[in-house]
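Student: Chains S and E, in that order, are what the protein sequence lines are.
Counting in the working numbering, the final residue of the first sequence is number 1612, and the numbers go up one at a time with none missing.
Counting in the working numbering, the final residue of the second sequence is number 760, and the numbers go up one at a time with none missing.
One or more of the hints may lead you astray.
Think about it this way: if two alpha-carbon atoms lie no more than 25 Å apart in a straight line, the pair counts; the simulated SDA-like pairs of lysine to any residue are [what the hints assert, rightly or not]:
(1) E/650 to E/743
(2) S/1488 to E/549
(3) S/1525 to E/676
(4) S/1436 to E/625
(5) S/1436 to E/659
(6) S/1435 to S/1462
(7) S/1445 to S/1462
(8) E/732 to E/750
(9) S/1530 to S/1516
(10) S/1436 to E/672
(11) S/1488 to E/583
(12) S/1409 to S/1468
(13) S/1445 to E/680
(14) S/1488 to S/1445
(15) S/1436 to E/667
(16) S/1445 to E/677
(17) E/541 to S/1475
(18) E/575 to S/1515
(19) E/676 to E/597
(20) E/614 to S/1473
(21) E/740 to E/723
(22) E/588 to E/624
(23) S/1409 to E/624
(24) S/1506 to E/584
(25) E/740 to E/566
(26) E/588 to E/639
(27) E/639 to S/1498
(28) S/1423 to E/663
(29) S/1436 to E/624
(30) S/1445 to E/665
(31) S/1600 to S/1559
(32) S/1562 to S/1602
(33) E/561 to S/1473
(34) E/588 to E/539
(35) E/639 to S/1425
(36) E/744 to E/571
(37) S/1594 to S/1491
(38) S/1435 to E/539
What the hints contain is simulated information worked out from the structure, not anything from laboratory work.
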Amino acid sequence: MAKSEVKLLGAWPSPFVMRARIALNIKAVEYEFLQETLEPKSQLLLQSNPVYKKIPVLIHADKPICESLVIVQYIDDVWTSGPSILPSDPYDRAIHRFWAAYLDDKFYPTLRSIRAAQGEEARKALLEQLAEGIALLEEAFGKCSQGKAFFGGDGIGFLDIAFGCFLGLLRATEKMGGVKLLDEAKTPGLVKWADRFCADGAVKGVMPETEKLIEFAKVFMAKMRGAPAK
Amino acid sequence: MAEELKVFRTWSSPFALRVVWALQLKGVPFETIYEDLSNKSSLLLQYNPIYKKVPVLVHNGKPLAESLVILEYIEETWKQTPLLPQDPFERATARFWARFGDDKVLPSIWNVFIKQGKEQEEAMVTAQGSLKYLEEELRGKKFFSGEKIGLVDLAFGWIANLVDVFEEVKGVTLIDHENHPLLLAWKQNFMDAPIIKESWPSRDKLITKYHAMLEAYTAKEAAAK
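Pulled out of the complex, with its shape left as it was, chain E reads as follows (with noise of 0.2 Å):
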């Protein structure tokens, strides 16, 4: 039977890319779905209605959603490029960072770039934390799945490229040089890996997109107030 295999995603989303990147890693052919989540399809609403979200990977007509779900899945059907280690607890670990990445790290950073004032200072403080436990993560590493990029690498892979528009965007700095060398050691080295680096989306167009996002969100909140 021939292989069926979509990705419905956004030209954007980092939560997709994760799973075109764990795909192309290792080699899996699929076709791309680009959603416009201003005027969601009727598939996309089908294939995932608790969520109405990207990314939705529909093989042989099967879907499933949510990012870390669907990689574990790429994971155990597909062998070849391991992305998980074989020991257990070694893997339990692996799960845990992936967790705590999109548990505390992304709404900590979120919450610097969109808030104002004493949120975004008490978002900075419980952001340095989460960022604290990643660069000893990576110490004596160069990914960190080890030698190569594994599942906890895609799953912190937005913090490569997004971070900086966020700092640039917004005018703050987030990760620099005196606080987290390894973790600037590491996004060097995962911007620059192959396949990985082909996938980036438009820095321009990231930061276009996110100047708007913050400033439609300022100006909500002031008329709010």
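Same shape as in the complex, but just chain S (with noise of 0.2 Å):
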């Protein structure tokens, strides 16, 4: 398949960007990375995702597919011959599904907002929900894997790539809070697990570097508290 047949559009700090892109790699797919400038929207975006006007976007022969869960889904479903990204089993299918609903639907939401939190009491309350979801994580991470390197067993599965997206998220938050968010006394299962996913090859060249992603959140703050009240 051509090259060009199968583009995404996205930017490197995303970390549901990086789900699509971990989910091609797997299946060895080659695509073109389109990146997006995002200030202002790019017309290739308002035209492919003019319902959410976001990235990532996957563009497979001309046809758009948004949202990254099921863009990743999208990608199983299509090339079939690559490892499989989804459990085999049903259920095991619906408890890694379970799992990325909440991490979009409650996870993801509680991180985002330790950022813009207005003084120490609300992200103290912030960086407790986190730890909690930490926790029930930890525990799930311990059933899905059945002893083995990732949720999705011995190779990285469904839910690895919705969770472990947010590792970069993460480590930056812990850097910059000094806190301690993965914790090899409170949950060693995903500490190592943590290790394995960032070391995997389909991962090592998307993950952005902790740094990195640490300087574009303080300039990302720095616009969000200079903008004009909505």
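Assemble the dimeric complex from its two separately framed chains, guided by the hints.
Tutor: Now the structure itself:
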């Protein structure tokens, strides 16, 4: 398949874009990465994702697919000769989907709010919420991995991708906040999993360095403070 | 081994209704357990400790929560009467719209119902924007999924019965003939479809319930000011 048949519209700091890239890498799909400027949003973005106007957008044979988890499932459905991303058993698939939805509906909004939190009280409360979420994920890791390396077993799976994409942000939050979110004492499973995930061939080239993310967060926060009130 | 399939629901939950519809459309027998959310059973709390909500599906002792996750599980476990298309792009499109319903359409319509003044006005603008997408999606189709009911129709099912309950209780118009002729046609087709039409919760009971909810919310907001 020609490289230009598969395009991914995205930006390097986005964990959601990373999900799509990891999935494409697992399947060894060649694709063209189109760096989206976001300010202003490109014509291509507005045309291919008119509903949300967000990245990532996968463009396959000129057809756009939006929403990172939908994209990852699409990649799994289309490129069937590569390793499977979702588990084969329907119940296991449902568990992966359940936790992926939890990550998007609960976990990420909390993580994102920490950046903008006003005051120490608010920040502490959010960090506690996040820690509770991480404890749940540590338990889920035990159940899903069944002693193997990843949520998906021997290889990276759907839930590894859904959660692992946030590791950069988690590490940046730890450094900026002087806190420990993944901790050898409290979350030993996840600590080892995180190292394995980041070292994996499908992830290494697309996981942003923590320092770069911290710089990016600072610029982002400054812009937010400078932005006019809604 | 005898199949054991249980669905935890309430009489009114639109999310639980999705699961009930999916199983009924596929002709899969199941046991129903009605929950009183003001007095949750220990089983519910055990099966859904994270959200403590309905629906919960328990299949041979294994619990699942979150209605859209449950729908995909049902689809993959019982292959008759498929609810999702075979083509990967069409499947992705269906999944996209199902999530859009819960992430954008439902919250904006809910805010039109529950909020007042400026917040209500802003919610109406968002809701109309979302409904426009739905209207466009129905172009040339009887159901969102095509000729037959599918996952997206089940996901949007609450629009068919609850929106007009909200309209009546609140005294607003969300869906009208001028702007949403296709959506209104879909609503009629969906409400009257075999199996679907037998399972609607009592409209009168819903009016009473949402009336009470709106009053309680409004009183709380007034007291907080």
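Student: Each of the hints needs a verdict: does it hold here or not?
Tutor: Structure-based check of each hint:
Between residue 650 of chain E and residue 743 of chain E the alpha-carbon distance is near 18 Å, which keeps this suggested pair within the 25 Å criterion. Note on residue 1488 of chain S and residue 549 of chain E: the hinted pairing holds, with a Cα-Cα distance of about 21 Å set against a maximum of 25 Å. Distance hint between residue 1525 of chain S and residue 676 of chain E is unfulfilled; the C-alpha atoms sit about 43 Å from each other, more than 25 Å. A distance of roughly 20 Å separates the Cα atoms of residue 1436 of chain S and residue 625 of chain E; the hinted pair therefore holds under the 25 Å criterion.
Of the supplied pair hints, the one linking residue 1436 of chain S and residue 659 of chain E holds, its CA atoms being roughly 23 Å apart against a limit of 25 Å. Proposed proximity of residue 1435 of chain S and residue 1462 of chain S is contradicted: the alpha carbons are some 29 Å apart, above 25 Å. A C-alpha spacing of about 19 Å is found between residue 1445 of chain S and residue 1462 of chain S, which places the hinted pair at or below 25 Å, so the restraint holds. A threshold of 25 Å between alpha carbons decides the hint, and for residue 732 of chain E with residue 750 of chain E the separation of about 30 Å lies outside it, so the pair is violated.
With a C-alpha separation of about 19 Å, the suggested pairing of residue 1530 of chain S with residue 1516 of chain S holds against the 25 Å cut-off. The straight-line distance between the Cα atoms of residue 1436 of chain S and residue 672 of chain E is roughly 20 Å, inside the 25 Å bound, and the hint therefore holds. Annotation: proposed proximity of residue 1488 of chain S to residue 583 of chain E holds, straight-line Cα distance about 15 Å (limit 25 Å). Between the alpha carbons of residue 1409 of chain S and residue 1468 of chain S the distance comes to roughly 12 Å, so the proposed pair stays at or under 25 Å and holds.
Simply put, residue 1445 of chain S and residue 680 of chain E have alpha-carbon atoms about 19 Å apart, close enough for the 25 Å limit, and the pair holds. Taken as a hint, the residue 1488 of chain S and residue 1445 of chain S pair is broken in the structure, with Cα atoms around 30 Å apart against an allowance of 25 Å. Distance hint between residue 1436 of chain S and residue 667 of chain E is fulfilled; the C-alpha atoms sit about 19 Å from each other, no more than 25 Å. Between residue 1445 of chain S and residue 677 of chain E the alpha-carbon distance is near 23 Å, which keeps this suggested pair within the 25 Å criterion.
Taking the CA atoms of residue 541 of chain E and residue 1475 of chain S, the gap is near 19 Å; set against the 25 Å cutoff, the hint holds. Annotation: proposed proximity of residue 575 of chain E to residue 1515 of chain S holds, straight-line Cα distance about 23 Å (limit 25 Å). A C-alpha spacing of about 37 Å is found between residue 676 of chain E and residue 597 of chain E, which places the hinted pair above 25 Å, so the restraint is violated. At roughly 15 Å between alpha-carbon atoms, residue 614 of chain E and residue 1473 of chain S fall within 25 Å of each other, so this suggested pair holds.
A distance of roughly 21 Å separates the Cα atoms of residue 740 of chain E and residue 723 of chain E; the hinted pair therefore holds under the 25 Å criterion. At roughly 32 Å between alpha-carbon atoms, residue 588 of chain E and residue 624 of chain E are farther apart than 25 Å, so this suggested pair is violated. Note on residue 1409 of chain S and residue 624 of chain E: the hinted pairing holds, with a Cα-Cα distance of about 17 Å set against a maximum of 25 Å. A C-alpha spacing of about 24 Å is found between residue 1506 of chain S and residue 584 of chain E, which places the hinted pair at or below 25 Å, so the restraint holds.
Between residue 740 of chain E and residue 566 of chain E the alpha-carbon distance is near 23 Å, which keeps this suggested pair within the 25 Å criterion. With a CA separation close to 20 Å, the supplied pair residue 588 of chain E and residue 639 of chain E stays within the 25 Å bound. About 23 Å separates the Cα atoms of residue 639 of chain E and residue 1498 of chain S, which keeps this hinted pair within 25 Å; it holds. Simply put, residue 1423 of chain S and residue 663 of chain E have alpha-carbon atoms about 23 Å apart, close enough for the 25 Å limit, and the pair holds.
About 19 Å separates the Cα atoms of residue 1436 of chain S and residue 624 of chain E, which keeps this hinted pair within 25 Å; it holds. Distance restraint check for residue 1445 of chain S and residue 665 of chain E: the Cα-Cα separation of roughly 22 Å lies within the 25 Å cut-off, and the hinted pair is therefore satisfied. For a cut-off of 25 Å, the pair hint linking residue 1600 of chain S to residue 1559 of chain S stands: about 13 Å separates their Cα positions. Using a Cα cut-off of 25 Å, the hinted pair residue 1562 of chain S and residue 1602 of chain S holds, with the two alpha carbons roughly 23 Å apart.
Of the supplied pair hints, the one linking residue 561 of chain E and residue 1473 of chain S holds, its CA atoms being roughly 18 Å apart against a limit of 25 Å. The hinted pair formed by residue 588 of chain E and residue 539 of chain E meets the criterion: a straight-line CA distance of about 21 Å does not exceed 25 Å. For a cut-off of 25 Å, the pair hint linking residue 639 of chain E to residue 1425 of chain S stands: about 23 Å separates their Cα positions. Taking the CA atoms of residue 744 of chain E and residue 571 of chain E, the gap is near 14 Å; set against the 25 Å cutoff, the hint holds.
Of the supplied pair hints, the one linking residue 1594 of chain S and residue 1491 of chain S holds, its CA atoms being roughly 21 Å apart against a limit of 25 Å. At roughly 44 Å between alpha-carbon atoms, residue 1435 of chain S and residue 539 of chain E are farther apart than 25 Å, so this suggested pair is violated.
This entry does not satisfy hints 3, 6, 8, 14, 19, 22, 38, going by the numbered hints stated previously.
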